[in-house]
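J.: Chains A and B, in that order, are what the protein sequence lines are. Residue 50 in this note's numbering sits at position 50 of the first sequence, with consecutive numbering throughout. Residue 79 in this note's numbering sits at position 79 of the second sequence, with consecutive numbering throughout.
If you are wondering where the hints come from, they were derived from the structure by calculation, not from laboratory data. Misleading hints may appear alongside valid ones.
Unchecked claim - What follows is a list of derived Cβ distance ranges for each label pair:
no., chain 1, residue 1, chain 2, residue 2, range
1, A, T231, B, V69, 32 to 40 Å
2, A, E46, B, L30, 33 to 41 Å
3, B, A213, A, K145, 24 to 32 Å
What the hints assert, rightly or not - List time: in silico DSSO-like cross-link candidates among lysine-lysine, alpha-carbon distance up to 30 Å:
no., chain 1, residue 1, chain 2, residue 2
4, A, K35, A, K152
5, B, K23, A, K45
6, A, K208, A, K47
7, A, K152, B, K234
8, A, K32, A, K47
9, B, K23, A, K33
10, A, K206, A, K45
11, A, K47, B, K189
12, B, K23, A, K145
13, A, K32, B, K189
14, B, K235, A, K152
15, B, K234, A, K145
16, A, K47, A, K35
Beta carbons: idealized from backbone N, C-alpha and C, even for Gly.
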Amino acid sequence: MNGSTVANSPLLYILIAVGLASIVVYALISIKKAKACCLDQGISKEKIREVIISTISASIVPSLAILIGFLLLANSLGSAWPWWRLSVIGALQYETMAATYATSSMKIELGSLLSGPASNFTGVMIVMTLGIITGPIITAFTAEKYSTGLMKAKSSSDWGNIAITSIPLAVVAVYVPLLLFSSVPSAATFLVSVVVTVLCAMLSMKVKWLGSFTIGLAMIAGVAAGVLVETLMK
Amino acid sequence: MKKKDETPKASFALHPFVRWAHKTGRVFTLVFMVYTILIPLVMCIVYNAWPSFMQILPGTATLLAMLGVQGVIEIAYETPILGSSSYLSNVTGNIMNLKIPCALNAQKIAAVENNTAAGDAIALISTSVSSIVTIIVLVIGLFLVIPLRPFLESEIASSASNYLMAALFGCIMVGFLAPQQGGSVIKNKLLIAAAPFFITMILAITGMLQTSAAVAMIIISIPMCLLIGRILYKKGIVRVEHRAKPEAAGAPADTESKAE
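Build the full structure now, drawing on both the sequences and the hints.
T.: Printed below as a string of structure tokens:
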């Protein structure tokens with residue numbers, strides 16, 4: 001019995017399908033509850049619909065990038081395990097790193113995992129699972145206190161409001177110059193994305209439906225510009 | 001005499017939805033984590049394929065040490081944006097490259113502020129929808145893996161994935177520059193971020209900082225922004241203008257009493 005037996009096991013596919021179904025159910029319940037809260041807070045049904053359509057259009061392109069990562073990992077880990085790992089917890093870059101660390105610490109090659117002993121494959125599964133577990137666990141125990149504390153601070157004073165706004169600003173203040181000044185194709189991507197977003201915002205005053213697709217269109221145009229500039233620079 | 005930052009305090013009552021979202025989010029996360037750990041263990045039992053303890057210890061310890069610290073830092077800046085949707089975001093992953101941009105975009109469309117009941121609800125809708133979309137795309141990918149492989153493994157597709165973050169932040173940046181956000185407006189808020197912006201810009205131009213090390217710079221950027229924000233607020237340069245009724249973070253008292 002080798003790693004491929006475990007990697008392509010119907011049982012593994014069933015366990016993953018059940019796990020993913022539970023996420024979908026929880027997400028659907030959350031949408032229903034959140035929608036009721038939005039209506040209670042005076043947000044119209046049309047606005048909620050716009051948010052949903054916009055999120056779908058904004059999620060497709062990054063999801064395709066995750067799909068590329070799935071294919072890269074599937075070469076060495078089979079289809080089922082990368083499917084699970086990239087659908088839950090991990091980001092694309094973490095999973096690739098985790099798989100590499102797991103195999104190198106076990107002194108085995110990532111490429112030989114499917115043909116090697118089954119215990120090597122289950123070992124990698126355990127390392128990848130336990131290695132990236134801290135984020136959700138810490139969130140489970142701290143998010144309520146932290147988040148509601150921020151809400152209280154925001155409602156209690158103007159300074160609380162400013163302090164909370166400072167945190168996302170601090171993130172943007174780091175990522176924007178990094179993406180803008182690290183390379184010419186990256187800068188081209190960023191700038192084209194900004195221009196398309198502004199154009200869509202202006203046009204959406206006349207063409208209402210366009211507003212929901214702004215982020216999706218801006219991403220496609222931005223990424224296309226980045227690839228074009230990279231190709232021209234070669 | 002009142003101190004400057006002692007603005008009239010609204011009575012704070014947590015909205016029932018926010019309570020529900022935190023409670024169910026916490027339970028769901030913990031149950032899901034147990035399930036996640038059980039999957040490899042079930043495979044070990046069924047196939048009698050147990051790795052030795054020493055095989056898994058070094059890799060697990062290395063990853064925990066690396067990602068554990070990073071996880072704490074990420075939660076510090078993700079939670080103020082995601083609120084009660086942090087649970088689902090952490091369970092489904094891809095936070096910085098998918099969940100946060102989607103949540104910020106959704107909050108901008110709905111004209112709500114984060115860290116309010118409405119902001120939390122909109123972020124949760126956005127996070128839930130984007131989680132479902134990713135799951136669907138990966139399911140489709142699983143079935144179309146063979147026909148899609150030539151395209152997804154092409155040089156163009158590989159290059160394209162390098163520029164996703166730049167494209168996402170281009171869209172977000174426009175939202176940040178927009179003057180109105182929810183019921184209150186923070187005047188001159190971009191001044192708060194000017195110093196870390198220029199420092200990062202210099203480090204990026206000189207090649208001393210790469211995108212992969214962004215988290216390290218964020219650790220410095222957050223206290224810097226808070227300190228600068230505090231100074232500018234005290235000097236009256238950065239101030240909050242309430243254009244409409246300030247959106248309470250919690251529900252009105254009557255909503256709260258109904259929930260009790």
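J.: The structure should be examined with respect to each hint, and the outcome stated for every one.
T.: Evaluated hints:
no.: 1; hint: T231(A) <-> V69(B): 32 to 40 Å; result: holds (38 Å)
no.: 2; hint: E46(A) <-> L30(B): 33 to 41 Å; result: holds (36 Å)
no.: 3; hint: A213(B) <-> K145(A): 24 to 32 Å; result: holds (30 Å)
no.: 4; hint: K35(A) <-> K152(A); result: holds (23 Å)
no.: 5; hint: K23(B) <-> K45(A); result: holds (26 Å)
no.: 6; hint: K208(A) <-> K47(A); result: holds (11 Å)
no.: 7; hint: K152(A) <-> K234(B); result: holds (21 Å)
no.: 8; hint: K32(A) <-> K47(A); result: holds (15 Å)
no.: 9; hint: K23(B) <-> K33(A); result: holds (13 Å)
no.: 10; hint: K206(A) <-> K45(A); result: holds (20 Å)
no.: 11; hint: K47(A) <-> K189(B); result: holds (26 Å)
no.: 12; hint: K23(B) <-> K145(A); result: holds (11 Å)
no.: 13; hint: K32(A) <-> K189(B); result: violated (34 Å)
no.: 14; hint: K235(B) <-> K152(A); result: holds (24 Å)
no.: 15; hint: K234(B) <-> K145(A); result: holds (28 Å)
no.: 16; hint: K47(A) <-> K35(A); result: holds (11 Å)
In the structure shown, a violation is registered for the earlier hint numbered 13 alone.
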